[in-house]
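One-letter residues, chain by chain:
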Amino acid sequence: MNIDYFFNSLAFINPEICISVGLVVILLLDLFLKDSKKYLPYTSILFLLVTLYYLIDQVMMMEQAFKPIGYLPMVAVDSLGTYFKIIVVVSSIFLVLFTTLSNEFEKGFERFGEYYTLIFGMILGMFFMISAADLILIYLSIELVSLSSYVLAGFIKTSKKSSEASLKYLLYGATSSGVMLFGISLIFGLTGSTNLYEINRFLGMITAPNLIVFFSALLIFAGIGYKISSVPFHFWTPDVYEGAPTPITAYLSVASKAAGFALLIRFLKLGFISDVVSTGIWQTLPVFNWRDLLVVLSILTMTLGNFAALWQDNVKRMLAYSSIAHAGYLLAALSVQTEAGVMAVMIYFAVYLLMNLGAFLVVILINNKINSENIDDYDGLGTSMPYLGVSLGIFLVSLTGLPPTAGFIGKLYVFLALIDSNMIVLALILLLNTVISLYYYIRVLKHMFLNKRKDEPVAVKNTLYEASVVFVLAAPVLIFGIFFTPLVNFARTSIHFLFSAL
Amino acid sequence: MSNIGLNHFLIISSILFSLGIFGVVTRKNAVMVLMGIELILNAANINFVAFSAFGNFPLKGQMMALFVIVLAAAEAAIALAIVLNIYKNFNNVNVDEIDNLRE
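Protein chains in written order, with my numbering: chain A, 1 to 502; chain B, 1 to 103.
Chain A on its own, in the form it takes in the complex (with noise of 0.2 Å):
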């Protein structure tokens, strides 16, 4: 039997490869050092940067993995996988450095070394969910993410707020992602195979929409839909961003929603396009059209997470609302079905990543030093301690989406995109959420600035580590927003991916 496809297809792999190798590496270092908890965010920071190195150097590869001889490919390493690989991979060195700024862990100290593995497993699954081509690896690498994701926001095991998040985790994630799986045993029953090149040549040959088709993939899209915390499999989005330690939250409402979003387009191009003409306009099976359920799912999505963040007293409840709109502006942009929408989604995301994770970052440097997340304890904040205001300002201001910050670039291709299709009324319903997200954004900036604060004003200091990775968040949010032609073509150039199977 030739294995030779094997040992070749290693060579594509070298970023899951590095990372495997820096859990391995972690948890031996945590075996055997006594002291080594010092060391491994060092290490961590350092394979991740590697991983960064062999992300870099596969930036325009084109290349099928592990493809024997008269089969199709388990992996497609593409740029547009390795433009979400990179967005993960940076998202992962800040929850390093997140990590090491919060205080919340100071009773799980002695258990870093489960941390940075589970982190690190939780990063092979995501670059494994961004890559799969077939059923079956999607199913893992999800399974991967999420076993990792259930411990880690249960990391604290004292706090019961921690170990509730990590309950209601575990039990919609572990449903979600066995109508997942059920949903894939009926699309192989239907084609016969768990490959996506291989299904879509299937579903081609049925000329008729058809319903078997049409349930299973929104079985389909149970799993993928509680990834990106779309509606109506976001209830857990808020307890979990709620309870879970700031620095995983922050990572999950990024991290694992840009691999989600990732996936869900591989699946929507590789398995349900026909075609791609030139003017980047995607051609449907006539199986099933995704438009119409994704315009409702985003419309429900961005419409409830913005209602519901209005009445949130707790920040970080108020973020989980918020990154839940966040995703139905994305699935907005993805239901345009065109190469300009996937633009929309890949610029968002590098944008989200700044924004959002500074916006976290603030949360827990706060934290650290009032010890609340509520919004009533923020009152006067802005002046005891005007940097972090100041920058919290900036974050929230471009999650609302103004110019002149990143988030309104965000924000610009999303419309350019629904509007250069024509789907006007899908614009105005997002221009409309954006006015009422303005409000709770504000709302956060107004008790720090406006309000008064009634106990004695806490006088802060900033060490130099904690103020400059809050600049290293906050600079490209203000450059990106007027200078942001790099990121832009950046991923007009990543934007293409493998799609026909040969």
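Hints were generated in silico from the structure; no laboratory data involved. Please read these numbers as outputs of a predicted model, since none were measured by experiment. Here a beta-carbon is modelled for each residue, glycine too, at the ideal position from N, C-alpha and C. Please note: incorrect hints may appear among the correct ones.
Covered stretches of chain B, as calculated for chain A (at least 3 residues, CB under 8 Å) [what the hints assert, rightly or not]:
no.: 1; segment: 25 to 34
no.: 2; segment: 38 to 47
no.: 3; segment: 61 to 75
no.: 4; segment: 91 to 101
Here the structure of chain A is known, so what remains is to put chain B in place on it, guided by the hints.
Just chain B now, with coordinates in the frame of chain A:
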């Protein structure tokens, strides 16, 4: 009596799936909810194996079912650890009473 065909297996698996969803929705004990999730996974497994046996798909379904069994075991291990931790913190595993996090 006619021979047992694919439809019989599919009916069994849909019943199992529905029972699983029913269990997840109605049970209050976290362990029972997890049992419901196991039922959902096994319903999918029956589908895989039945499709593989009656369709002309050489052993692909069986392979998938093996993966699912392994993952179900891993998930059960993690799930029970989390439920145990919940019991330590809350002194019960009733999902209705574990709701400190809410609006």
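Tested hints:
1. Counting residues of the segment 25 to 34 of chain B whose beta carbon lies closer than 8 Å to any beta carbon of chain A gives 3, which meets the minimum of three for the stated coverage.
2. Judged by the Cβ-Cβ criterion of 8 Å, the segment 38 to 47 of chain B is covered by chain A as claimed, because 6 of its residues qualify and three suffice.
3. Requiring three or more residues with a Cβ within less than 8 Å of a Cβ of chain A, the coverage given for the segment 61 to 75 of chain B holds, as 8 such residues are present.
4. Given a C-beta distance limit of less than 8 Å, the hint that chain A covers the segment 91 to 101 of chain B holds, as 5 residues qualify and 3 suffice.
In summary, the structure agrees with every hint in the numbered list given earlier.
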